[in-house]
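We have chain X; now place chains H and S onto it with these hints.
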Amino acid sequence: MSGLLRPATLDAALSALGDDPELTVLAGGTDLMVAVNYGQRRPTAVLSLRRLDELTGWRGDGDDVVLGSRLTYAEMQHGELAELLPGLAQAARTVGSPQIRATGTIGGNLGTASPAGDTLPVLAAYDATVEVASAADGHRRVPMAEFVVGPKRTTLRPGELITGVRIRVPHGPQEFLKIGPRNAMVIAVANCALVADRDTATVRCALGSVGPVPLRCVDAEAFVVDHLDWDAGRVDDPRTYETFGALCAEASRPIDDHRSTAEYRRHATGVLARRALMRAFRGGGA
Amino acid sequence: MTTDGPMDRATDDDTVDSGIYELRVNGGTRVVEGAWLGESLLNVLRDRLGLYGAKNACEQGECGSCSVLVDGRVVCSCLELAAACVGTDITTVEGLDPTGALTDVQRAFVEAGAVQCGFCTPGLVVAAHELLDRRPDPSELEIRESLAGNLCRCTGYGRIVAAVSAAAAERRAAAGGRP
Amino acid sequence: MTTTTTPTTPTGTTATGITTTTTRPPAAGIGSDARRPDGIPKVRGEFAFSSDLHRPQMLWGRTLRSPLPYARIRSIDISGALALPGVAAVITAEDVPGRATYGLISSDQPVFAADVVRFVGEAVAAVAAETPELARRAVAAIEVDYEPLDPLTDPEDCFTRDPIHPDGNIVRSVPIRFGDPEARGDVVVEGTYVIGMQDQAFMGPESGLAVPDTDGSVDLWVSTQFLHVDRDQVAACLGLPEEDVRVHLGGVGGAFGAREDVSFHVHSCLLALRTGRPVKFVYQRDESFYGHVHRHPGTIWMRHHATGDGRLVNIEARIVLDGGAYASSSLAVIANAARFAPGPYRIDNAKIDAWVVRTNNPPCGAMRGFGAVQACFAHEAQMDLLAAELDIDPIELRLLNAARTGDRMITGQVLEGPVPVEECIRACVALPMPPARDEDRLAWPGGAGRTADAADLRRGVGFAVGYKNLMFSEGEMDDAHAACRLEAGVASITSACAEVGQGFVTIAQQIARTVLGTPDVVVEPASTATIGTAGSTSASRQTWMSGGAVEKACREVAEDVRAAYAAVLGLEADQLEVVDGRLRSVAGATGAGMGAAIDVAVADAVPGRRFESSVRNRHAPTFALDRFGQGDSDVAWAFVAHRAVVDVDPDLGLLRVVQMATAQDVGRALNPLQLIGQIEGGIAQGVGLAVMEEIVMEDGLVKNPSFTDYLIPTMLDMPDVEIALIEQPDSRGPFGAKGVGEPPTLSSTPAVVAAIRAATGLALERVPVRPQDIALARKV
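Read top to bottom, the protein sequences are chains X, H and S. Just so we're aligned: 266 in my numbering is position 266 of the first sequence, and the numbers increase by one with no gaps anywhere. Just so we're aligned: 122 in my numbering is position 122 of the second sequence, and the numbers increase by one with no gaps anywhere. Just so we're aligned: 125 in my numbering is position 125 of the third sequence, and the numbers increase by one with no gaps anywhere.
With the rest of the complex left out, here is chain X (with noise of 0.2 Å):
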């Protein structure tokens, strides 16, 4: 018998992946049927985690938020989530289709770990905590900036699923931008979170398609703080958009492939990251 295994508690998931680490893991899907149809992986045990309960919709604790790795983009975008998190709801609905959206997850896109993954600049630029959990080691938080190493390459260790994801609220205003060249159902070229903290006086931008992980953008963050008046939500001086968008796209490393160059994808980085510090902070003095 070839077999799909589906748990219906998190403990009993985790038994099995630590029983037999090459389990195949299917969360939504969306990734791993692409390459199962095209021949390039062939699976000979699936996990999946579908009646994971405890890894669906998300929670509040504290100041954080937890995101269950379960939760689908399409539940990303709308309600009381895309209040608290509109960066990341932003995101969300830039991703694929509406039939993506629908089944891939947020556990997904950080499993996955594409350089054109949508959400995990933002994820950067909320400074969000993966995490993780095996039968082994049971549960330990992975940063953000930790977890993905490389295109298609994490941290993630043998029998380790990840269940979740906590991000503190932030308090101040988020944008996501995102480059494609067509309107919808398109992968990104270039694409950038910016994410502001009143309460902790902090500015987080992080890039995503420009790299082989998602960037964060310290110089340009460690710039514009001097630059903003929390208050008036303004900047001082309409020379630092100018400024952080440079120095957003000296922090990319962008590559030519087929779907764009580098020289594209470092200047776009510059106008998108010019243009979110622009919607998030309006101009002031001269």
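Treat the hints with care, since some could be wrong.
[To be verified] To list a few chain H residues with every Cβ distance to chain X over 12 Å, as calculated:
#1 G61
#2 N150
#3 A173
[Stated by the list, open to error] Computed far set for chain H versus chain X, every beta-carbon distance over 10 Å:
#4 E22
#5 N26
#6 G27
#7 R30
#8 V31
#9 E33
#10 E62
#11 A83
#12 E94
#13 T99
#14 P138
#15 V161
#16 R171
#17 A174
[Said to hold, decoys possible] Some chain S residues near chain X, calculated using beta-carbon distances under 10 Å:
#18 A140
#19 A448
#20 D453
#21 V696
#22 K703
#23 P768
#24 R770
If you are wondering where the hints come from, they were derived from the structure by calculation, not from laboratory data. Because the structure is a prediction, the values reported are computed rather than measured. The beta carbon of each residue, even a glycine, is placed where N, CA and C say it ideally should be.
Below, chains H and S alone, put in the same frame as chain X:
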């Protein structure tokens, strides 16, 4: 097959034998036999259950031709592992109306000239049903965003948008609202 | 096929029981928005596409394709595949019993590569196995030892490099010398234009079912555009007489030119005959990109000469189209690109040099617009350049030079029939402009990606005009058979015309309804087994050719009914006339049976008898272009104008086509609803070429053989279309109709690019226009 055979176990148990399992399709229970583990719901529907309404245009979730409803959500059946759909309610274009009658959306597609080669049509009909059931009064932009996952190469979409708008108007009229 | 069955009620009868007057519901005849007979099965998911066909004991076929653009095959080892349980057969070149090659015009493409592979994706072997998954594994188990060769991928190298094929690297050159080729104008503009490789990207992948017969013959159900030419090629390769290969139309999921060439046809029949079992092929999407021809990419240099007041004096052009590894229909495509190079303008002098060359890129062939698309992108950019140079309004410049009936093409041929270029331009310009920009950012460039703010956007308007031949040209055999049978008030139409979605089945019904006065018309399945050729569903020709054949067959039947009816009534035949599907007594006619005025539907007049007619429709002869590119190569033409309104975000190079407007020369609108569908669909493909569609090549490798990366417009990329139909009937077409399929793709692309130029001030000499072409360009 004994009464406590694999089919009875399938919906509740922690394993599905990909060699034999049951799916609930269009309100009935169908036995799937001989599939391999990685087989997509699209292939199972078409090649094992004889339901050819869902179409095989890309098998990578980029065209919507294979759209079906799984527990009321519109999904690409090519991206659903069939064995993982055990226990769900699957509706294909063939099952949109339990009586087999032409639905309002189907009628509108024919009348509005939304059909040319027709390969994308079943997927679009399924997606349009899901949209109108969820949002009975969509704007044109909402229609376009909601159906942007369904590619059509023949029509340029104009008559499809017209068909969905007409079906929505007909539903409003039937509900006593503005036409 | 289904039929409309509406009860009919005789309301008057003669003493002999013959009906003399009837009332029927208004027939959905010519000029009406008749609905498709296959519409209901299609919306129900019940229509059988070729990929839906199946038989008991059916095997699944799959093709092994070359991973290299150019290589010598040292050896092929199929033993590993044959050893797999469930694999029924593996075949290679040595298993082809008949002709080793096929091709639409020139038979230069191997059924399977034998010694050399010439493009990535070329078929090397095929298998038949019990399941698709087994077939996939069998293909993977075939071992081919290749010796890589240096691929020829730059078309300009074709002129100097050693031949990569016994037929040479130049597939065809078409020089045109017209008037004084050296004539000079007061004003000169020139540019070099590049067209990327577009794919037809039909939704239904190549698929079909071959079923062997016990007598050694075979039936093939397949999605195709041209049943009889498939039959001829398959029979030759199988080494069978033509009658032993019966090709039947499987439901076709779109075509657009990509189904004129055979794909797995020979492979499936060979495997079926070898195994004695039905064999099904369904290409996956990646394989579809390798398995059919594409639109020719090309480079076109043009120089226009004009007088100071804007009259065109001379056009010079150098056109190089990349035909890829095999000829397909390149020989005809290049002649189109050459002779339509000026566009629909009066011009007395021309010097054109056009080549289509062979490379190790994917083979290119037919796609909607067929050579005229490439030319139109260049000549319309040139017209805008000229207008700018002369400081004349671009539309005025086009009106000033618009061709008229009686003008000569640069081939010397006189434009006959309606030539409503001016009417198309004026009607298109008069169509309403779009409303103000939608407030929802989703409707802006970038869509849900929320990339733009209102201040970032510029709106541009562009205009373009095009024309193209209808039907085959240059003396190519071009005929269409059709048969009509009338019995018990029901007309049956038989034709081998491939219905690919365009709506011929509806048009055939409408024609029969109008001629025979019956709502009850059945269109029989298309097959080589039942009737002679209909020619290809291409070149905008089927309404004219097969529609014309249906009209002729129905009219012959109507004449036979008139004679029979007159005999029954004891009248002379000329005492009756056929008018709008009805038999009526000629005014003043009297006779034994003529008690009251006669007015009866043709179909109801003699209900007890069967009437049959079979016809072959041909158009006036055409002639090959001579060595100066001169000759009456064409039968007829259709003309079109497009206006595009585009919002552009110049900093990011993203854009949104806001509105398309078009006026099209249609002769007569036989079915306005279907016509709108053809226009909107054709425009979508033109918009796609303008802004997103391209097969990206690198050293002979296809970089994006998927719908993930080969992007076609979605519902959020196609705008509303404003349409004006220019109806100037052409007496040679059925009821005055012209073909309508291709004109929408001609000038929609240049109109969109012109609008982007207007919004950005950039030259933009290449399609598709990519974001980087705008965002990183320097202003001209």
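Broken hints, by number: Hints 1, 2, 10, 11 not satisfied by this model.
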